[in-house]
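Engineer: Based on the sequences and whatever the hints tell you, model everything.
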Amino acid sequence: MSERRVELDVLRYNPETDRAPHFQRYSVPCREEWVVLDALNHVKENIDPTLSYRWSCHMAVCGSCGMMINREPKLACKSFLRDYQGVIRVEPLAHFPVERDLVTVIDDFVAKLARVKPYLIPKEPKALEAGEYRQTPAQLKRYKQFTLCINCMLCYAACPEYGLIPKYLGPAAIALGHRWNQDSRDGGRDQRQEELAATEGAWECSFVGACSEVCPEHVDPAGAIQQVKIRSTVDWYLEHTMPWLTK
Amino acid sequence: METTTSDIAIIGAGGAGLRAAIAIAQTDPRLRIALISKVYPMRSHTCAAEGGAAGVIKPDDSLEHHFNDTVGGGDWLCDQDAVDYLVQEAPKELLQLEHWGCPWSREPDGSVAVRPFGGMKKQRTWFAADKSGFHILHTLFQTSLQFPSIERFDEFYATELLVDDGGCQGLTAIEMRSGQIRQFRARAVIVAGGGAGRMFPFTTNGAIKTGDGMALAYRAGVPLKDMEFVQYHPTGLPSTGTLLTEACRGEGGVLLNKHGRRFLQDYGMGPETPLGKPVLKTMELGPRDRVSQAFWHEQKKGNMVPTEWGDAMLLDMRHLGEKTINERLPLVRDMSISYMGVDPVSDPVPVRPVVHYMMGGIDTDIRAATPLAGLYAAGECACVSINGANRLGSNSLTELLVFGRRAALSAMEHLASGRAQGNGQAIDARAEEARGRVRALFQRSGGGETIAGLRREMMHTLEQHAGIYRSGEGLTEACTTLAALRRRYANIELHDKTNVYNTDLLQALELGSMLDCAEAVAVSALERKESRGAHQRLDFVERDDARFLRHSLAHHRGGDAPRIDYRDVVITKSQPGVRDYSGGHA
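Note that the protein sequences, when read in sequence, are chains A and B. Take the first sequence: its position 33, counted from the start at 1, is 33 in our numbering, and no numbers get skipped. Every number in our numbering is 1000 more than the matching position in the second sequence, counting from 1.
Bear in mind the hints are in silico, worked out from the structure with no lab data behind them. These numbers were taken from a predicted model, which means no experiment stands behind them. Please note that a few of the clues may not be correct.
[Said to hold, decoys possible] Facing chain B, from chain A, some residues (calculated, C-beta under 10 Å):
{"no.": "1", "residue": "F23"}
{"no.": "2", "residue": "V35"}
{"no.": "3", "residue": "L176"}
{"no.": "4", "residue": "H240"}
{"no.": "5", "residue": "P243"}
No residue lacks a Cβ here, since even glycine has one placed at the ideal position from N, Cα and C.
Structural biologist: In structure tokens:
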């Protein structure tokens, strides 16, 4: 272990023993290539076994370790210590209730995800024996980026609208609903529109765009939300000006 | 105690568990399914699989080719009836995922694309860029949301299986959010708890892969099969162990020693193939065991590149060009830059073999059934065995689909058979005892052993003595040390005695699982006095079919070392032969 050290101010809260959340400082010897998660793991193993947080893959794909690092939503496994100066402040993801320490309650997101029907509603049912649906690379490209969402919920922590109006469906759920709408094999858009184009769906978004900025997978939920708005506007005009087309 | 009653309980909500749950829900929507997992389904380690899933689909390929590659790749330790079933079902399962919307990579005409993989004679690996496991997991998870009969219990850690009347009748689990222990009653249980790579210090496996599912079944009297076979993936980043998929080589990447020589040609995998024109089943597309073993020999000769994390070889992908790397291997590029500071477009990436996969696991048959009535297992935690002594890359994603579904069908057949459900009061009593065992952990004090300390010693022991090459002397020492660690485990003390999301408790239980699995690995390895696939003995260098063309079975014996016995391998049409990766095949 090198002589380099890093100081972490970590938010601690145990509902059984603490009346209120508080910060605890840890001084951690670290290596040049370490991420914040490595420092937390060092704390857990060597300094304080009571610290609780979620993590697993250490390669930015399981989505477990989202937290606020110096007030920005980040994956702890992809936040390099070398990119920070001074004391690093580590807190649970904003806008979610704290279950304990850095662990948040994510029931809200999990329930919203199910509401957008994030599964294929086939345009034309096809028997397995008939082989695969044909989908050209160009058709794949239309929705591919939205499939890359790892459900880490950094976008919810970054979204000011979600902070104000918890009923808002939120960036990831809308982007994932949109992902299925854009899939050439899918015919379920009408069924999803009820949620996606509702007041508490895409129209709640005030287009701050913070969701797309913080996404560790470079998904563009803000773009998805605007596309949903455009489609729902077109729907509205067709319904009101050319109702025979929407029958 | 709070009790949840369902028809079938599934432990683990990764690829195998989700596939099983969907199969049950589709076949009989009246059956109540409890899907219990220590993490939210999308956190399961299936998400980290990169390269793809094998299944015959192209006209130049055949089921027979897939069968032969798998059986030879496994050094003839695979059960051939099970491999037959795997290769037959594979294309259907991969197509089923396509019908559920998996974003498989495509050919220009819209058909599904396949890529080359190690040890495979034909191109048959379906892929979704280099995030195949991630897309399979999310497709399954999102698809599962449409079935109301699947009730999820996310962040519930299973502690024991409940056995009565000779059959599995449910389990106990800790709800992480409250710390409360709950009883789950079910007429059949499917274990899909994943592998145990975290027993080793240097692994591609996520933190959650601690052998819990294996340990649950093992302690309930089900043997662990072929545990001595631990797969090293040749190409992990030396700093973190992060996996760089075999598809790097499938796409044409090559492995170099410090002199710039493609050294695999010196280890029976030559002659050298033209740069950028990979030839199937030879050189860099040899099987993982052989490539990792070649690294070990080169390291002994001093031909490797020293790095601050130890010796490494070089994975050179520069000749693929930026466009191909971005299209086919975007995650590989991102991780090489992030975690190693090396851009594969402009520089070779240092890599070294890293623990990746357990070929061994819960003893199951071709129906995914364990010897315990009502208990089934699938995925990495199970050993059917289709992987034998060495798994071929891209067979494991296929395996968890094929046998996840198979476990579901078998569990439903078990329900239909109307077997006795055990004595309710007796099961309640067992559940109470299980709760008592967890609570007892909170009472212990003054033992002086720490979770982190014991874990480090376990990891060090396995790395030292149960790695790519092993010896009788080293394994004997490993067995002694692991037995002592299991005794010392009785003296660990929790620092955290609260209930809500207690990860100190969780890690203590996970360590208990890993220690049981680790001892099964070491004892099975010591007893197998031959070299086969991923199990290489310096003191028994040859394969010995007369004595060891058999599966090892480790039986749990409480605090004592496991008892090992053996069962013959099922051979239907391929007699053991020579594994030839010299390029004559392609």
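Engineer: Compare the structure with each hint and give your call.
Structural biologist: Going through the hints against the structure:
1. F23: Constraint on A/F23 not satisfied, violated at 19 Å.
2. V35: holds (8 Å)
3. L176: holds (7 Å)
4. H240: violated (32 Å)
5. P243: Constraint on A/P243 not satisfied, violated at 31 Å.
Checked against the numbered hints given earlier, this structure breaks hints 1, 4 and 5; the rest are met.
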